[in-house]
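Note that the protein sequences, when read in sequence, are chains Y and F. Be aware that the first sequence starts at 989, since it is given in my numbering, and climbs by one per residue. Be aware that the second sequence starts at 392, since it is given in my numbering, and climbs by one per residue.
It is worth saying that the hints were derived from the structure and are not from the lab. Incorrect hints may appear among the rest.
[To be verified] In silico DSSO-like cross-links for lysine-lysine, where the CA-CA straight-line distance does not exceed 27 Å:
#1 F:K777 / F:K861
#2 F:K1004 / F:K767
#3 F:K767 / F:K777
#4 Y:K1243 / Y:K1034
#5 F:K861 / F:K767
#6 Y:K1041 / F:K948
#7 F:K861 / Y:K1037
#8 F:K767 / F:K1012
#9 F:K949 / Y:K1037
#10 Y:K1243 / Y:K1156
#11 Y:K1255 / Y:K1243
#12 F:K1029 / F:K1012
#13 Y:K1041 / F:K949
#14 F:K1012 / Y:K1034
#15 Y:K1272 / Y:K1034
#16 F:K767 / F:K1029
#17 F:K1012 / F:K1025
#18 F:K949 / Y:K1034
Model, not experiment: these values are computed from the prediction.
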Amino acid sequence: MNGIFLQIFQNLLVLLLAPLLVGWVNQCRAWLQNRSGAGVLQPYRKLVKLFHKDAVLADNASPLFRFTPYILFSSMWLAASLVPVIATDLPLSPAVDVIALVGIFALARVFISLAAMDIGTSFGTLGARREMLVGFLAEPALLMVFFSAALISQSTSLVTIVETLAQKQFVIYPSLAFAAIAFVMVLLAENARIPVDNPSTHLELTMIHEAMILEYSARHLALIEWASALKLFAYTTIGFSLFMPWGIAEAGTLKSLPLALFILLIKLSIAGASLALLETVTAKMRIFRVPEFMGTAFLLAVLGMLIHFLLGS
Amino acid sequence: MSLVSTLLPLDIVLGVIVYWLLLGLLALFSQNSHFITRYIFPAAAFGSLVLAAVAVISLGTPANFAVLPLGLPDLPFHLRLDALSAFFLLLLGAASIGISLYSAGYFRHMASGTLALLCFEYHLFLVGMTLVFLADDAYLFMLAWETMALSSYFLVTTDHAVPEIRRAGFLYLLIAHVGAISILMCFGVMQGGHGDYTFATMRAAHLDAFWASITFLLALFGFGAKAGILPLHVWLPEAHPAAPSPISAMMSGIMLKTAIYGILRVSFDLLNVQLWWWGAIALTLGLITALFGVLFASVQSDMKRLLAYSSIENIGIILVGIGLAIIFHSFNKDALAALALTAALYHSLNHSFMKSLLFLGTGSVLHATGERNLGKLGGLIHRMPKLALLVLVGTLALAGLPPLNGFVSEWLLLQAFLLSPGLPNSYLNMLVPIAAAALALSAALAAYVMVKFYGIIFLGQPREANLSEKAQDIDLHEWLGLAWLALGCIALGLFPVYIITHIDYVTQMLVGHNLGTTAQSGWMWLTPIQAERASYNPMILIAAIVLGVWGTLFVVKKFYHGRVRRSAPWDCGFPEQTARMQDTAEGFGQPIRQIFDLFFGVIREVPSPFDKKPHYHGATKDLIWEWCYLPIAKVNEKIASLVGRLQHGRIHIYLLYSFVTLLALLAFVR
């Protein structure tokens, strides 16, 4: 019973907290750039605004185009709800292990790319091509990061990984160190963050994510924005689970929940601030450099796994 | 020679063979295209259904034997239906139901004379493949193998008036026979001088490690030529586009699996020993094949060539599973060997469904538009919505996305990789993580390829307006065939445990171990080793996504006005937007071509800015053709020209040769 309650609680928590993370990152970035910023609640206001608008669809939009935001939203919501955010006792978690989690991200990516090609504009196909380009290197890199952790805990279940890593005393695994760097690079690329893509610009020839969703408006756009927020949230919490699993409530006792929630908020604010800092101090890459960046991430992740095999630890 | 009075599964399978042969003959004599498409092809599908049903039943029953006095005197046909045969018969039956149903619609406009011949060869092809799976002696095996190769050759060259198709057919025939010679030699080594070519004798024979390795390598080469393992893949991208689409589907979906069957039969059943380095070779070859296939698939602009390269990729993935199983089996880790083998078999079954579905889909596109070139299609989702939906299922499945079937087998294979630490060989411990990474990379690239395939054919604006305007959606028979295969993709994705309980019989027979997944946590939970180690539940996954979509739709409808306005695409306010501004097939593949520049032989002719009539031409070449095949051809030519020097066409010189030969014989033999 506790498990089901926790699952529902987590589902709602991630849904409501995800835009806050985006707002926090943007606010931190504004402060770092010496702007006053729009406040951490701006993403919610934007969602409300978009939900009130009339949807404008292109003449030749197919049902696939209209259907994609819903698929995207629900798959990202599912992904974010599966990660042990505040507790490990989640009934949904055994259904989807880390490989399936990567699969869900891939599902969302394929659908948004197909939707981008649906209208047949030059920007749409350009965005789809670039998204798949980033994706085909990011996906195996993410999988290898997971594998490095899975080899240590002898399991691909994210819950078991968290439980194993949280219980062990603090040891730096060389394989996880490589995996952590690779993971940050994948996180930046997959969430359309600065060295790879810029989330805050339109009309830039190097845009990826924004190019794909140019034709979306109103409720569809709101769902996509929300899904992006959920994706960033999911990636961030995956990072916590793999590399800082401390403080996640185990065994599903409700008493430890407030503490776990508090720790989560602290972790999120630190992670958001670091992301903003990283985005402020780095410059955006040329699109042709992106494969090198992603290739580096992939190789680092493979190296991490190789080290595990060679050292046996 | 005793045919048991009660009906064994094997007898029913033989009955289906006779039934198919009769259907083929009936088609040949009727010469009536309406009759053939309306009755013969659906009847063939019924035969496939019976075959699939019998195969499912016979998976759990002990092996059936039969000896038919049909071959040469003293050389009867030995037949055997065991779990391995039954699994592949199931694959054959299940996939050919869809293909035969589809053929009933697809061939309806074909001239009756050609169609009658094609229908006869089609059934002969089916019979040949069935017999390959049933053969229990090398003689019948080779006979069935050649029947299959020759009937498919004639099917590939259905449009033999086109020179390229004749050329493709010739290449296919050539490589098929190079492979067949190797298979024959492999059987020759295995019978070990007994003169008895039954598989039972080969199983009993004990080869030493050297000869066993020779056998394995010969089998890998021979069956690899049929499967399209690098560097013997060159016929695939030529033959598949040349053949009519149902034939491409049959070849790619089913015939390639006969080679997988052969490799499994020889290496796990007929040979008693297994060495770990066989597995390492198979694993490495499989990975190279998979990566090569998917890279080349991503730069193709002909939709059937793209799928052919994707078949090469999938065969590579299956071979990776087999290689891993051999490695585990040779180290006596049979539970893991069973896992890897299950992944390989599962992927074979998946691939037969999804690739048949997509090849048939390209057939419908080809019929509707007359175009195979991706660069001239586009926007077909509006003209052919029924087809677009079914092909979307195949596309997502082939891209390896949950909750469809392609994902399940890749999941199993990755699990097998994750469980491999602790192999008592340091080279393997280094190979395994790299192999896992390469496998993950090729799976991710497959998604790239499938987005390109689907996006360019079905989405966007029509690139050539006149082509897409006349396009008509599929008819009932085509829809039935495609829907069967699409349903198969969904069912294989949603009920993995049910499928694996059937595969368990095969792994039990081959490596003496099975996964036994149902016993652990019920039919919904796929837990290959232990529930704590890994579990996957596609039902919950799809339920969550469907609930999420439905719930979101409901909430949005409830709390939101739901108004929609249609207008011209915005495209950042760019006013002049034409269909030619979309990515072409070449454009979409360009990043891959640029990143993996080394692997492609790129030919590019770019016009200078001052050209009056600018002409752009780009093509990617298969470098293996230049590195492997052209040198062999050159050496051959050289030898031929050397031999040619002996020939002058003058009678006295030939008499002189005879005289010298006689003298030499006298001197040596005496």
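For K1041 of chain Y and K948 of chain F, compute the direct alpha-carbon distance and say whether it is at most 27 Å. It holds: about 13 Å lies between the C-alpha atoms, which stays within 27 Å.
Run the distance test for K1029 of chain F versus K1012 of chain F: straight-line Cα separation, threshold 27 Å. holds (25 Å)
Proposed proximity, K777 of chain F with K767 of chain F (alpha carbon, max 27 Å): holds (21 Å)
Just to be careful, I want the Cα atoms of K767 of chain F and K1012 of chain F compared with a cutoff of 27 Å; is the pair within it? OK: K767 of chain F and K1012 of chain F at ~21 Å, within 27 Å.
Quick one, are K1012 of chain F and K1034 of chain Y close enough, alpha carbons at most 27 Å? The given pair, whose Cα atoms are some 50 Å apart, is violated under the 27 Å limit.
Take a quick look at whether K861 of chain F and K767 of chain F sit within 27 Å of each other, Cα to Cα. Given that 27 Å is the threshold and the Cα spacing comes to 14 Å, the pair holds.
Would you check the hint for K1012 of chain F and K1025 of chain F, treating anything up to 27 Å between C-alpha atoms as holding? Cα-Cα ~19 Å, so holds.
Are the Cα atoms of K949 of chain F and K1034 of chain Y separated by 27 Å or less? At roughly 20 Å apart (the allowed maximum being 27 Å), K1034 of chain Y and K949 of chain F satisfy the hint.
Next pair to validate is K1004 of chain F with K767 of chain F; report whether the Cα-Cα distance is within 27 Å. Holds, at roughly 21 Å.
Does K777 of chain F pair with K861 of chain F here, judged by a C-alpha cut-off of 27 Å? Cα-Cα ~16 Å, so holds.
Given the hinted pair K861 of chain F and K1037 of chain Y, is their Cα-Cα distance within 27 Å? violated (43 Å)
Need the status of pair K767 of chain F, K1029 of chain F: alpha-carbon distance at most 27 Å? With Cα atoms ~43 Å apart, K767 of chain F and K1029 of chain F exceed 27 Å; violated.
When each numbered hint is compared with the structure, violations occur for hints 4, 7, 14, 16.
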